[in-house]
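Enquirer: If you read the protein sequences in the order shown, they are chains A and B. FYI, the working numbering numbers position 92 of the first sequence as 93, with every residue one higher than the one before it. FYI, the working numbering numbers position 27 of the second sequence as 363, with every residue one higher than the one before it.
None of these hints come from the bench; they were simulated from the model. Accuracy of the hints is not assured; some may be wrong.
As the list claims (entries may be wrong) - Quick list of the computed label-pair ranges, beta carbon to beta carbon:
1. B:Glu341 with A:Glu57: 47 to 53 Å
2. A:Lys19 with B:Ser389: 47 to 53 Å
3. B:Gln417 with A:Asp29: 46 to 52 Å
4. B:Leu418 with A:Asp29: 33 to 39 Å
5. B:Ala435 with A:Ser68: 34 to 40 Å
6. A:Gly17 with B:Asp405: 50 to 56 Å
7. A:Phe21 with B:Pro448: 39 to 45 Å
Virtual Cβ for every residue (Gly too), placed ideally from N, Cα, C.
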Amino acid sequence: DVKVTQSSRYLVKRTGEKVFLECVQDMDHENMFWYRQDPGLGLRLIYFSYDVKMKEKGDIPEGYSVSREKKERFSLILESASTNQTSMYLCASSSLRLAGGYEQYFGPGTRLTVT
Amino acid sequence: KNQVEQSPQSLIILEGKNCTLQCNYTVSPFSNLRWYKQDTGRGPVSLTIMTFSENTKSNGRYTATLDADTKQSSLHITASQLSDSASYICVVSVPLRYALNFGKGTSLLVTP
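Just chain B, same shape as in the assembly:
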């Protein structure tokens, strides 16, 4: 069973609108949580990384939140742009281990 679940699987929004992507995880113990953006045909690029003690982190129009008690994270995109169309991947890491736990991603399409 995948230990990192993302929802929705896909999302279509109009340019200029806001949206929120969800990530629930069961990975334990927890080291940190990352959100990556992956454009079609390209490698993932890091947007944010949060440790256990952080509950909000922003990167421009992207704001990630983390609730370590409920093991939930969200990625909020404000005033979406066409260039936000991509797959967004939630990744959770465990202390002292190299392997990361990847969600399957949310595919976002921003339309004019």
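Chain A with its partners taken away, still in its complex shape:
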């Protein structure tokens, strides 16, 4: 079974702090994704990566950056956390370069609260 793990289930940070969210997948997938999920808005893509050191902006990249130094690990970075970044963050991975043809496997999510 595919397993996608995220470093924390719950996280509380202060405004202005630098925040790192880590995601690891164990199925050698090429593609990895970061989403945020908010009530009434559904899942929105922040960034994705289709290969090591490669990244593409999603729909809402502002205020975020990512890092993919190893194939199995994809990190989301909030350079200076703000209260409007309080949300559920979901990581996902999928195989093959054409992600549309194959399903994405999601991690359990990290609920981040910025105070």
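Start from chain A and add chain B according to the hints.
Expert: Just chain B, lined up with the frame of chain A:
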């Protein structure tokens, strides 16, 4: 405008009853359509995936249908159980693109 619309937004049913969730999309061209189940506080888990040529797919008590001509899909849950209480998300993908188009989900509550 969201290209994937789900209805109803929320639904409450009695345990043992059947229900049907709807998904209408305008995404084009179309690659495939997925239904995900998301328990509260957890990540989404895939229930079914259908390509353009498929019009029905089952996974236990879950049956998804697809009408690519009218761009409509439905998810039918038979003999509902308390554990079916979750959010159900319809996701449509486009060929040669990484990004998926997500519906906002239908929140289902199954009561005893």
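Enquirer: If a hint holds in the structure, say so; if it does not, say that too.
Expert: Verification of the hints:
1. B:Glu341 with A:Glu57: 47 to 53 Å: 26 Å, violated
2. A:Lys19 with B:Ser389: 47 to 53 Å: Since the Cβ atoms of lysine 19 of chain A and serine 389 of chain B sit about 48 Å apart, the hinted range of 47 to 53 Å holds.
3. B:Gln417 with A:Asp29: 46 to 52 Å: Violated: the Cβ-Cβ distance is about 35 Å, outside 46 to 52 Å.
4. B:Leu418 with A:Asp29: 33 to 39 Å: Taking Cβ atoms as reference, leucine 418 of chain B and aspartate 29 of chain A lie about 37 Å apart, which means the hint holds.
5. B:Ala435 with A:Ser68: 34 to 40 Å: 20 Å, violated
6. A:Gly17 with B:Asp405: 50 to 56 Å: 53 Å, holds
7. A:Phe21 with B:Pro448: 39 to 45 Å: 43 Å, holds
Taken one by one, the earlier hints fail for this structure at numbers 1, 3 and 5, listed in ascending order.
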